[in-house]
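Q: Modelling step: build the complete structure from the supplied sequences, incorporating the hints.
Protein chains in written order, with the working numbering: chain A, 1 to 446; chain B, 1001 to 1319.
Some hints could be false.
[As the list claims (entries may be wrong)] Calculated lysine-lysine pairs in the DSSO-like style (CA-CA distance at most 27 Å, straight line): (1) B/K1139 <-> A/K383; (2) B/K1054 <-> A/K191; (3) B/K1042 <-> B/K1242; (4) B/K1242 <-> A/K381; (5) B/K1185 <-> B/K1228; (6) B/K1261 <-> B/K1278; (7) B/K1040 <-> A/K198; (8) B/K1068 <-> A/K198; (9) B/K1068 <-> A/K234; (10) A/K198 <-> A/K71; (11) B/K1054 <-> A/K198; (12) B/K1061 <-> A/K71; (13) A/K47 <-> A/K198; (14) A/K191 <-> B/K1061; (15) B/K1042 <-> A/K191; (16) B/K1061 <-> A/K198; (17) B/K1042 <-> A/K184.
[What the hints assert, rightly or not] Okay, the calculated beta carbon distance ranges per label pair: (18) B/Y1181 <-> A/E263: 44 to 50 Å; (19) B/P1293 <-> A/G317: 52 to 58 Å; (20) B/P1288 <-> A/K71: 16 to 22 Å; (21) B/K1068 <-> A/H428: 35 to 41 Å; (22) A/G304 <-> B/K1068: 30 to 36 Å; (23) B/D1043 <-> A/S154: 37 to 43 Å.
No wet-lab data here; the hints were simulated from the structure. Please read all numbers here as calculations on a predicted model, not as lab measurements. Cβ coordinates follow ideal geometry from the N, Cα and C atoms, glycine included.
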Amino acid sequence: MERKIILENIEVEGIRFLNVYRKHGGYSSVEKALKTMTPDEVVNEVKLAGLRGRGGAGFPAGMKWSFIDKKSNKPHYLVCNADESEPGTFKDRYLMEHIPHRLIEGMICASYALEAHTAYIYVRGEYKYIVGILNEAIKECYQQGLLGENILGSHYDLDIYVHCGAGAYICGEETALLESLEGKRGNPRLKPPFPAVKGLYQSPTVVNNVETLSNIGWIVNNGGETFAKIGIGKSTGTKLISACGHINRPGVYEIELGLPVEEFLYSEQYCGGIKDGKELKAVIPGGSSVPILPKNLILNTLQGEKRLLSYESLAEGGFVSGSMLGSGGFIVYDEDDCIVRNTYNFSRFYHHESCGQCSPCREGTGWMDSVLYRLENGEGKMKDIDLLVNISSHIEGNTICPLGDAAAWPVAAAIRHFREEFEFHVTHPEIVRNIKHGSLAKYINN
Amino acid sequence: MLTVTIDNHTIEVEEGTTILQAARLIGGDIVPPAMCYHSKLKDSGGKCRTCMVKVVQGSTKDPRPMPKLVPSCRTAVMDGMVVQNITSPEVLEARRAVVEFLLINHPLDCPVCDQAGECDLQNLSYEHGSNTSRFEEEKRTYDPITIGDLIQFHPNRCILCYRCVYAAEQFTNKRMHGVLYRGDKAEISTFIQQAIDNDFSGNMIDVCPVGALTDKPFRFKNRVWFLKPMDAHRSCTKCSGKATLWMRGNEVYRVTGRRNKYGEVEDFICNECRYEKKDATAWEIEGPRAIEPTSVISQNHYRNMVKPSVINPLKEKME
Chain A
1 MERKIILENI EVEGIRFLNV YRKHGGYSSV EKALKTMTPD EVVNEVKLAG LRGRGGAGFP
61 AGMKWSFIDK KSNKPHYLVC NADESEPGTF KDRYLMEHIP HRLIEGMICA SYALEAHTAY
121 IYVRGEYKYI VGILNEAIKE CYQQGLLGEN ILGSHYDLDI YVHCGAGAYI CGEETALLES
181 LEGKRGNPRL KPPFPAVKGL YQSPTVVNNV ETLSNIGWIV NNGGETFAKI GIGKSTGTKL
241 ISACGHINRP GVYEIELGLP VEEFLYSEQY CGGIKDGKEL KAVIPGGSSV PILPKNLILN
301 TLQGEKRLLS YESLAEGGFV SGSMLGSGGF IVYDEDDCIV RNTYNFSRFY HHESCGQCSP
361 CREGTGWMDS VLYRLENGEG KMKDIDLLVN ISSHIEGNTI CPLGDAAAWP VAAAIRHFRE
421 EFEFHVTHPE IVRNIKHGSL AKYINN
Chain B
1001 MLTVTIDNHT IEVEEGTTIL QAARLIGGDI VPPAMCYHSK LKDSGGKCRT CMVKVVQGST
1061 KDPRPMPKLV PSCRTAVMDG MVVQNITSPE VLEARRAVVE FLLINHPLDC PVCDQAGECD
1121 LQNLSYEHGS NTSRFEEEKR TYDPITIGDL IQFHPNRCIL CYRCVYAAEQ FTNKRMHGVL
1181 YRGDKAEIST FIQQAIDNDF SGNMIDVCPV GALTDKPFRF KNRVWFLKPM DAHRSCTKCS
1241 GKATLWMRGN EVYRVTGRRN KYGEVEDFIC NECRYEKKDA TAWEIEGPRA IEPTSVISQN
1301 HYRNMVKPSV INPLKEKME
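A: Given below as C-alpha cells:
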C-alpha cells in the first residue's frame, strides 16, 4: 500500500534546490491557490481533505484554521512547529533536510488561506544545521518571486522567517513555542485563550507541524476529496512513520493510513522484521509519550481485529489495551529489552524537560524518576509499583500542558502491561543490579 | 449577569468573573484555596493547581461537563455553569495530591520558620493534606541567599508560585529577578539581590505564601501570635499609607500591608512605611485588625469574647 505524497520525488537528485523542485511540479499549488482560489476556498479544501494535525494530537487542520477570526484588526500569523523533540520521532528532520521546499510550498498556501503575511518556522535548537538548509531554500524563493511582495503577480505578500530554539522539549508545545518565539522563557500558557484567538503577539495565530503543512500543496493541487479517499475512515492521507529500535530497517517511511502494524513491522518494504531474528516484545507506536503495547496488543486489538496504523485503530481499547498514533515515532523492543530500564530512561527525560511551572508536573516527574531509579537499580520496594501508578494518575490531566500526561502515560502503561518485570526488580535485586541484565523474561518464566 | 452554581450555592456574577471570584462572593467552605493566585497581581494564578474544581455543566447552552479539572482562578464563569468543589471527591483527591507534591521539596521546619502562623502552605496542608508523606528520597536543598538588609530568601521553602516575580514586575520599575532553570531544579534567580533597591521591594515578602521570602529586620524578633496586629495609616507620598502594625505593648515590631481574609494584600506599601516607620507615634492607629478566629494569630487575643454565664450547681441547694 505504498503511496507517496510528502516524500514524492524524494529520491530525485538535487530536489533540495528550487530549480529541480520546480521541474518536478513544485510550487504549482502556489500558482493555483494565489491565482484561482480565494483564501476561504483553500480552507475548505483542507477541511474536505480531513487532514489531521501530524504533530501528535491529531486535531483536524482545516477546523483549526477556521477558528481564526478573520475580522480581527490584528495581523494573522502562521507558525510552523519544527521543534521535533519527542524521543523516537525524527520524521520532520528528514523532511526538512531532504525536501525543504515541500514545507515552504505548503506554508505559502496555508498563509494565503489564513490571510497571514508573516510566517515563522520554529526549529528545534539541535537542528541548527537545518536552519541553514531552510534559509537557503527561503532565499531561493525570494529570488524567484515566490516570497516577498506581490508573489507571482498575485498582489499577495508573505515573509517567512526561520527561528532557532534553544533546545528545550517544552517549546514543542504550541503556546510555549509562541512564548519562546516572542523572546520569553518557553513556558506554556494557560488555555483558553487559544492561539487562534490570542497567539503570537496577542494576535490570531495557527501553529501547525512540519508534516501537516507539507501536505497542503498536494491537497490544493489535487483537491480535498481526492486526499480524503486515501487512508481509512477519519484517518485520511498518508503518515510519516519514523521507525527505530530493534528492527532490521530503521528509517522514515511514508505509509497510507490504515496499513496493518504487522505488515509495517515485518514486510521488507518497511521495517523488515525484528533484528537478529528475535521475538517482538513491545512497541511504542507514536513517540515516547504514548502508552507502550505488548506484542499481542500491538498486532491485534482485544477484539481480535488487526491493529492498523491509524488514529482510530491504535486508540481502540482506550488506555487499557490501546495507545495513540501520536507523532508516528515507532519504537520497537525485542525480547531482550528491559521494560523497567526503558521506562526509567523516558521518565528521566520528562523529569529533565518539565518546565517547572505547575506543581504536579514539576514535583511529580522528579518523584517518578527517583522511584524508577531505585527500582531499576535493585533498591525498590513492592509498594513502589503502586506508588508509581498513583503518582502518574495524580499528574495526568492536572497540569497546564500535555507534558504532564506525556510523563504519566508511559509509566502507567508499562506497569499495566509488564507488571511482572517491575515485581521481579524488587524480588531479585542481585540480578537487576547487573548493568547488562537485559530482558528478565527468561528468569520470570523460569 | 451570569448565573453560576458552586457546590449547590447559586449566585449571579458579572461577565468575566472567574469561578474562584464567584466562590469568594458566596464565601464559606466552598472557596477553593489558592497558593499562586493573588487578586491584586495581574496574570497570577493557574500554576499551583490547588484551586482545581470540577465543572459538571459548562453552561446552559452547552451543558457538557469539562473533561478535566480546571483551575478556578483562571476559568471564567459561563452562564448556567455548575461547579463542584468540596462536593467532588475527585477534586479533594487532586488537592490532596497537590499538597503532597508541594511538600516533596518544601522542608517541614515550621518550628523554626519565621513564616509559622502565616504560612498558606501550612494551612493548606492542615485542611487538605494527609498526615503522612510517601516521599522517601532526599529533598533538594539550596544555600540561603542574602538579599541585602531587608529581605531574607530561603530557596528551600520556595514553591515557585511566581507571586514575587509578578510583584516585582508590577510594583517596581526595574525587575531584576525571575526564575532560572526548569522542572524541580527551577529556582528564583540570584539577581533578586539587586531587586532590593526599589521602594516597593518589601511587597515581595508580603505576597510570598510560604517562608521563602521573609522580612529580614523582623526575623526571629518575635512570633506572630505574640503580637497584636493593629490597622494604622499615615500620610505618605509614595503609597496609600494604609498598613498593619504588629505591636507588642507600644513597640512596633513589624509593618506589613493589610491582607484580606484570603491572605492577599489589599494595599501595597512602600519601603519607607514598612521599614523606617517603626515608631507608633508616626501612625494614626485605627484599631485592632480583624483576624479569622481560626488563625493562630488570633490566639490570646480575646477580642469580642462573650463570657459564658456562670452556673453554680450548688446555687439552688444553697438557697
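Q: Now look at each hint and say whether the structure bears it out.
A: Status of each hint after checking the structure:
Straight-line distance between C-alpha atoms of B/K1139 and A/K383 comes to about 20 Å, which keeps the hinted pair within the 27 Å bound. Proximity of B/K1054 to A/K191 is assessed by CA-CA distance (about 16 Å); at most 27 Å being required, the pair is judged to hold. In summary, the hint linking B/K1042 to B/K1242 is supported, as the alpha carbons are separated by about 21 Å, within the 27 Å threshold. Between B/K1242 and A/K381 the alpha-carbon distance is near 56 Å, which puts this suggested pair outside the 27 Å criterion.
With a C-alpha separation of about 39 Å, the suggested pair B/K1185 and B/K1228 falls outside the 27 Å cut-off, and the hint is violated. Note on B/K1261 and B/K1278: the hinted pairing holds, with a Cα-Cα distance of about 25 Å set against a maximum of 27 Å. A C-alpha spacing of about 23 Å is found between B/K1040 and A/K198, which places the hinted pair at or below 27 Å, so the restraint holds. Straight-line distance between C-alpha atoms of B/K1068 and A/K198 comes to about 22 Å, which keeps the hinted pair within the 27 Å bound.
The suggested pairing of B/K1068 with A/K234 holds, with an alpha-carbon distance near 25 Å, which does not exceed 27 Å. For the hint linking A/K198 to A/K71, the alpha-carbon distance of about 14 Å falls within 27 Å, and the restraint holds. The straight-line distance between the Cα atoms of B/K1054 and A/K198 is roughly 25 Å, inside the 27 Å bound, and the hint therefore holds. A threshold of 27 Å between alpha carbons decides the hint, and for B/K1061 with A/K71 the separation of about 25 Å falls inside it, so the pair holds.
For the suggested pair A/K47 and A/K198, the alpha carbons sit about 22 Å apart, so the restraint of at most 27 Å is met. Note on A/K191 and B/K1061: the hinted pairing holds, with a Cα-Cα distance of about 21 Å set against a maximum of 27 Å. For the given pair, B/K1042 sits about 16 Å from A/K191 by alpha-carbon distance, which is consistent with the 27 Å threshold. Between the alpha carbons of B/K1061 and A/K198 the distance comes to roughly 24 Å, so the proposed pair stays at or under 27 Å and holds.
For the hint pairing B/K1042 with A/K184, the CA-to-CA distance comes to about 18 Å; that is within 27 Å, so the pair holds. Between B/Y1181 and A/E263 the Cβ separation comes to about 46 Å, which falls inside the hinted range of 44 to 50 Å. Judged by the Cβ atoms, the range 52 to 58 Å given for B/P1293 and A/G317 holds: they are separated by roughly 54 Å. In this structure the supplied range 16 to 22 Å is violated for B/P1288 paired with A/K71, their Cβ-Cβ distance being about 56 Å.
For the pair B/K1068 and A/H428, the beta carbons lie near 39 Å from each other, so the given range of 35 to 41 Å is met. Here the CB-CB span from A/G304 to B/K1068 is close to 33 Å, well matched to the stated 30 to 36 Å. Taking the beta carbon of each, B/D1043 and A/S154 are about 41 Å apart, inside 37 to 43 Å as hinted.
This entry does not satisfy hints 4, 5, 20, going by the numbered hints stated previously.
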